[in-house]
Structure formats: structure tokens, C-alpha cells
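**Student:** The lines below spell out each chain.
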Amino acid sequence: MKILVCVKQVPDLESRFVPNAAGTWFEEAGLAFRMNDYDEFAVEEAVRIKEQLGGAPEVTVLSIGPGRVVETVRKAMAMGCDHGVHVMDQDAADRDPWQIAAMIAGFAGPRRFDLIFTGMQSIDRGSGQVGLLTAERLGIACVTTVVGFSLEGRRATAERELEGGARGVVGFGLPALVTCQLGLNTPRYPTLPGIMKSKKREIECLSPDEAGLEAPLTMVSGFAPQVRMGSGTVLEGDAVELAAQVVALLNEKTAVLRRGGAQ
Amino acid sequence: MKTLLVAECRQGRPADATAELFGFARTLGAEVSVAYIGNPDDLPRFDGLVYFADVRDSGEYDPDVHKRLLLQAVEAGRPDAVVFMHSSWGWDLAPRVAAALKAAQVTEVTGVVGEGYIVDSCNGKMRRTVRPLTTTVVLTLQPGAFPALQPGGAPEIHLLRAEHGSNVEFIRYEPPPADGVDLTRAEVIVSAGRGVGSREHVELVKALAEALGGEVGASRPAVDAGWLEHSRQVGTTGQTVSPALYVACGISGAVQHLAGMKGAAFVLAVNTDRDAPIGEVADLFVVADLRQFLPALTAKLKR
Ligand SMILES: Cc1cc2nc3c(=O)[nH]c(=O)nc-3n(C[C@H](O)[C@H](O)[C@H](O)COP(=O)(O)OP(=O)(O)OC[C@H]3O[C@@H](n4cnc5c(N)ncnc54)[C@H](O)[C@@H]3O)c2cc1C
Ligand SMILES: Nc1ncnc2c1ncn2[C@@H]1O[C@H](COP(=O)(O)O)[C@@H](O)[C@H]1O
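Going down the list, the protein sequences come from chains A and B.
Using this note's numbering, you'd call the opening residue of the first sequence number 1 and step up by one each time.
Using this note's numbering, you'd call the opening residue of the second sequence number 1 and step up by one each time.
In case anyone wonders, no lab produced these hints; they're calculated from the structure.
Keep in mind that this is a model prediction, so the values were computed, not measured.
Check before you lean on any hint, since a few could be wrong.
What the simulated footprint calls covered on chain B by chain A, stretch by stretch (three residues with Cβ under 8 Å from a Cβ of chain A suffice, anywhere in the stretch; the number is not a length) [to be verified]: (1) 125-133; (2) 228-236; (3) 275-286.
Example chain B residues on the side facing chain A (calculated, C-beta under 10 Å, incomplete) [stated by the list, open to error]: (4) THR27; (5) ARG78; (6) ASP92; (7) ALA104; (8) GLU115; (9) ILE118; (10) GLU169; (11) PRO175; (12) PRO177; (13) ARG220; (14) ALA225; (15) SER252; (16) THR272.
We put the CB at the ideal spot given by N, CA and C, even for glycine.
Model the full assembly from the supplied sequences, consistent with the hints where possible.
**Tutor:** Structure (C-alpha cells):
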């Protein structure tokens, strides 16, 4: 059994973002990068399946991006992936979902993976398309927004999360691609020996063309801070003073403190 | 511009959000047709063409069967834009249709400028304008971004025929876990987010809720971490609440969370990140570490 996990490196969202000169994406300088949240669930699920099957499956992790993404590939290896692949793409941030999917499918096609895990969306751009587009290109089954997954032989059962917390249970055969949602599992922390071991491993490096880059289907014509509609009051300062100000404002603007909750 | 609006139906019930698809088409001044795989009794009411397949024949949501039905409608109507709501149904189906058409897709559209579609990025801190380079574009719309509109009228029907055969088999629906708390009637809700940091600090949130005589709510990560039960989750996959006061503690304000609490009369946000998108809906935004601020507020209220 061969498993592929696709991981994207994303910035810390608590950062302040400044548009780049072209006005198409953010300036990277000064930002901290890490593995996309949803992709951590993907890595964890792949490694769990490997463990459940007594270590037999081979798990490959793939990331497309500039040199910095090697760090994320190594993290996935430290969590238990066997092979690392890096598509060295300096312009990854300008690629649209179609182009990312073309490269993943181009890489995965001839290697015939039985299972592919991706995140359901990336938190910086969040198109939620890459997994589905990849599966459609490969002509394999695809189940999205998965919060429960089990495998029996070459038959899988998955729970899709729907609105309001309901779930849709579906069954499918391999090969298949699954997009992982929050709640699927709790990703492990890499262990120190895992980290040490992953540092020594070789990572296969491909160019975008070798992976199968195609022309884009969309272009970005603007990137700017959100226009803030919020007209609320912003308070800063010492906690005790803030508390007094907040109580005064709650008294003035709402009736909740008079209803007897607080005495 | 010709739009094909794709109306969702689950367990025999048409989705209310279909009205937002009409609102979007009106915003664009676009020509409208609708694709509807559902019940013949619930056909969308407007004066135009409905590409219709009977759900009793096509079956409950099946990505392959539904994709082929929509491709038939696209083939017949040749729309410039195929438009879905960004729901668990729409985001699953849209890229399949886009891939088959080799058409550009723009996900979770919140607005339109010229030839471009506006989408949120970086958890709502930034916005991007994306322009399709293909003649047909596939769109999903962010719930709540466009006005709801019920045009009224009598549609003309174009029947679609389902071709069965699929690589994903629908087995059953599971209802949401029913573990009890009804937040929909609470006057005051104090919610814990990931920023609360640990189970131990959830106590600070509980203490404030108690001092305010309210209920404790949670964002998704706080539930996933096991700090609070699922029935306390607020948002698209949790409850939709409308209290007189909502206190968001360490919650960034992702759209899926906002969708559940936008109806609150007064929102107090406590966050260390002044730019957090919760600021968009906060009447009062306290830039502070909740570990210091919550105990101070609770103490002040008790006095
Ligand atoms: C299909 C789908 C459905 C979803 N459904 C839901 C849903 O129903 N409900 C929901 O909530 N989410 C839902 N989500 C998840 C959603 O996208 C966000 O990931 C989630 O809401 C983020 O939760 P958060 O704000 O608690 O965490 P984060 O986004 O990580 O934010 C934490 C915040 O805490 C602040 N902070 C950190 N430390 C402190 C401190 N010491 N003091 C004060 N502030 C601090 C940070 O500045 C940050 O703003 C869904 C996602 C998907 C894809
Ligand atoms: N640059 C990338 N390299 C590897 N995988 C990616 C990349 N971009 C997106 N993905 C995968 O596709 C998923 C969905 O991304 P998106 O369509 O951008 O929301 C992510 O969770 C990843 O698993």
C-alpha cells in the first residue's frame, strides 16, 4: 500500500499582513511559517493507517513551494512519513489551485498511490479545491470534509461533516483521495528521535515542470487589507482599569447586568 | 451574463440559501436559470428555466451522479457562470464540475468588482480579487454575503436524466450528537476559543459566565481539544445563537464562527491581536491577554 500526503506551508495568521509590490499576495519578510492546520490531520491519519497495518504502507509527503517548505516536509517526516518530496517552486504563492493540482496529479499519477490525503482547505488562501481537482484529474474517488475514516482491505468508510454537526457516511474503494477536516484526529507532536532521524533523510526535489505544471485558469488582480466595517470601541491598557471600563460600558449599552446575573 | 444557479436539496428539503443565489444574480443583473436535483413539489419559483432531476430517481447526494446531471445542464444552457452556495454540498460538487469543464473556479465569493470576484484570505484579515481566465467560471458564494431574494413566478422545466454508477456510495446520515445544552435561548454567552490556551484557563471563562449569569460557549478548536462538549459549539457546524451579550474570549472570528453568533445584540471580544477579524462584529474590543483580563472582569462584576 502506498499513501501520499500533501502539505502546504502557511503563515501564522496572527501576523500582520502587508501586500507585496505587485499587489497579488503578502510580503513574506518577517512572517513565521508552519504546516497548514488541516494538513496536520492528513499527516496524522496517514501515519495512523501505517501503524494500524503494522508499518507496511509507505507514506510519502509532498509539498510545493520555495525552499522554506522543506521544514514542513521534515516535520511530516518527524511525525512518521517515510519519504519526503519537495517541488521547488519559487512562485508557488502565485499559482492557482488548478496549477497546484496539476503538479500533485502529475507527480502522483505514475506512482499509483492507493490513498491520498490532503487538508480540506489551506488557511491562508482557502480555496478548498486542490484535493478535489487532483482526484478528478486522476479519475479516482474523492471524499471531502472527512471527520471519521476507517479502512478494511481496499474498502474505506468515511464520515463527511455537514452543517449543524450532522454527518454523511459514505463508502468507497481504493484508490481514493480524502480531504481532512478539523476533528478527524489529534495530530501527534514529533518526538526528538523522530526529528533527529528526519534531519538525516534525503528529500527528493523536483522542478515545477518535472511535476507537471500547467497554465493558470485564474489571475489575481488585487490583494488588500479587509475593509473594516467594525465601528466598535477598542480598549487597551491595564487589566483592572479595563475591567472597570467594560463594566461601565456594559451597563450603558446592554441590560444584561441589571437582569440579576451579577450582583 | 448567463448564470446557472445550482440549488441544493438535502433529505428532500430544498436549502433556504437558494435565495442568496438569486440575490447574487440580481446584484450582477444576470440572466438566471436554475439546476435543481430535488422534489418536484419544491421547484424554485421564478420566471425562467429549471434544469430539473427528481431526487427520487437520482438519489441522495452522490458526487458522480450529481456532477453528470449538472454537466448536462451546462451543455444545454451554456452559462457563463455556474454558481453554488459554499456549503458542504456546494464545496464538494463545484470543483468536480470545474475540473470536468476545465473552468476557473473562485471559492467563497463575497463580492464582485468589474471582471473580478472578491474573496477573503488569511482568515478574513485580507481580501483578494480573482479574475477567471476561462470563458465559463464556477463560483461558490460565502453564506450571508449576498442578499436573500425570492423572485416568485412559474419556471419552465427542462428534465435531466440521471445516469447511475458512482465510485462513492452514500450509506446514511448521522444526526449531530445530542448532548444537551441549548444555547439558542441564552441571554448571555461567554465563549472560549483556542486562545484560552489550556483546559485550566477554561475555568476563567466559566467563572465569567457564572458572574454574568450566562452559558459557556466554544469555538471549534476548544471543542476538538476536549475542553468543552460539542453542544456548546457556536458556528456553522454547531449552534446559531442570538444572545443579548456574546463574549468571545481568544476567538479569532473565522467566518464559520461568525456565522453562528452574528445575531448577538452586543459582542465583547477579548483578544491579544488587535487585527483579529472578530473586530468586524465586536461592539467592544478589549485588546488584552484573557488570562489577566477575565479574572479582573469577573472580580469587578462580583463586587
Ligand atoms: C467546514 C468548516 C466548519 C467549521 N465550523 C466551525 C464552527 O461551527 N465553529 C467554529 O468556531 N469554527 C468552525 N470552523 C473552524 C474555523 O474555520 C476556525 O478554525 C475556528 O473558528 C477558529 O477558532 P478560534 O478562533 O478559537 O481559534 P484561532 O483562529 O486559532 O484564534 C485564536 C485567537 O486567540 C487569540 N489569543 C491567543 N492567545 C490569547 C490570549 N492569551 N488572550 C487573548 N487572546 C488570545 C489569538 O489572537 C487568536 O485571534 C469550521 C471550519 C470549517 C472548514
Ligand atoms: N503548495 C502546496 N503543496 C502541497 N499541497 C498543497 C499545496 N497547496 C494546497 N495543498 C493541499 O491542498 C489542500 C487544499 O488547499 P486549497 O485548495 O488551497 O484550499 C491543502 O490542505 C493541502 O493538503
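**Student:** Does each hint fit the structure? Answer for all of them.
**Tutor:** Checked hints:
Requiring three or more residues with a Cβ within less than 8 Å of a Cβ of chain A, the coverage given for the stretch 125-133 of chain B holds, as 9 such residues are present. As drawn, the stretch 228-236 of chain B meets chain A at 3 residues by the rule of a beta-carbon pair under 8 Å; at three or more, the given contact holds. Only residues whose beta carbon comes within less than 8 Å of a beta carbon in chain A count, and the stretch 275-286 of chain B has 11; three or more means the coverage holds. A least Cβ separation of about 17 Å between THR27 (chain B) and chain A goes past the 10 Å threshold, and the interface hint is therefore violated.
At a threshold of 10 Å, the smallest CB-CB gap from ARG78 (chain B) to chain A is about 18 Å, leaving the interface hint violated. Given hint, ASP92 (chain B) at the interface with chain A, holds; its Cβ is 5 Å from that chain's nearest Cβ, closer than 10 Å. Hint status for ALA104 (chain B): holds, given a least beta-carbon distance of 4 Å to chain A, under 10 Å. For GLU115 (chain B), the interface hint holds, since its Cβ comes within 10 Å of a Cβ in chain A; the closest pair sits about 8 Å apart.
Below 10 Å, beta-carbon pairs count as interface contacts, and ILE118 (chain B) has one with chain A at about 8 Å; its hint therefore holds. The beta carbon of GLU169 (chain B) comes within 5 Å of a beta carbon in chain A, closer than 10 Å, and the hint placing it at the interface holds. Given hint, PRO175 (chain B) at the interface with chain A, holds; its Cβ is 6 Å from that chain's nearest Cβ, closer than 10 Å. Restraint check, PRO177 (chain B) versus chain A: the minimum CB separation of about 7 Å is within 10 Å; hint holds.
Taking 10 Å as the C-beta cut-off, the interface hint given for ARG220 (chain B) holds, the closest approach to chain A being about 6 Å. With its C-beta approaching chain A no nearer than about 8 Å, ALA225 (chain B) sits inside the 10 Å limit, and its interface hint holds. For SER252 (chain B), the shortest C-beta to C-beta distance to chain A is roughly 7 Å, which falls under 10 Å, so the interface hint holds. A cut of 10 Å between beta carbons decides the hint on THR272 (chain B): the least distance to chain A is about 8 Å, and the hint holds.
Of the hints listed earlier, those the structure fails to meet are numbers 4, 5, in rising order.
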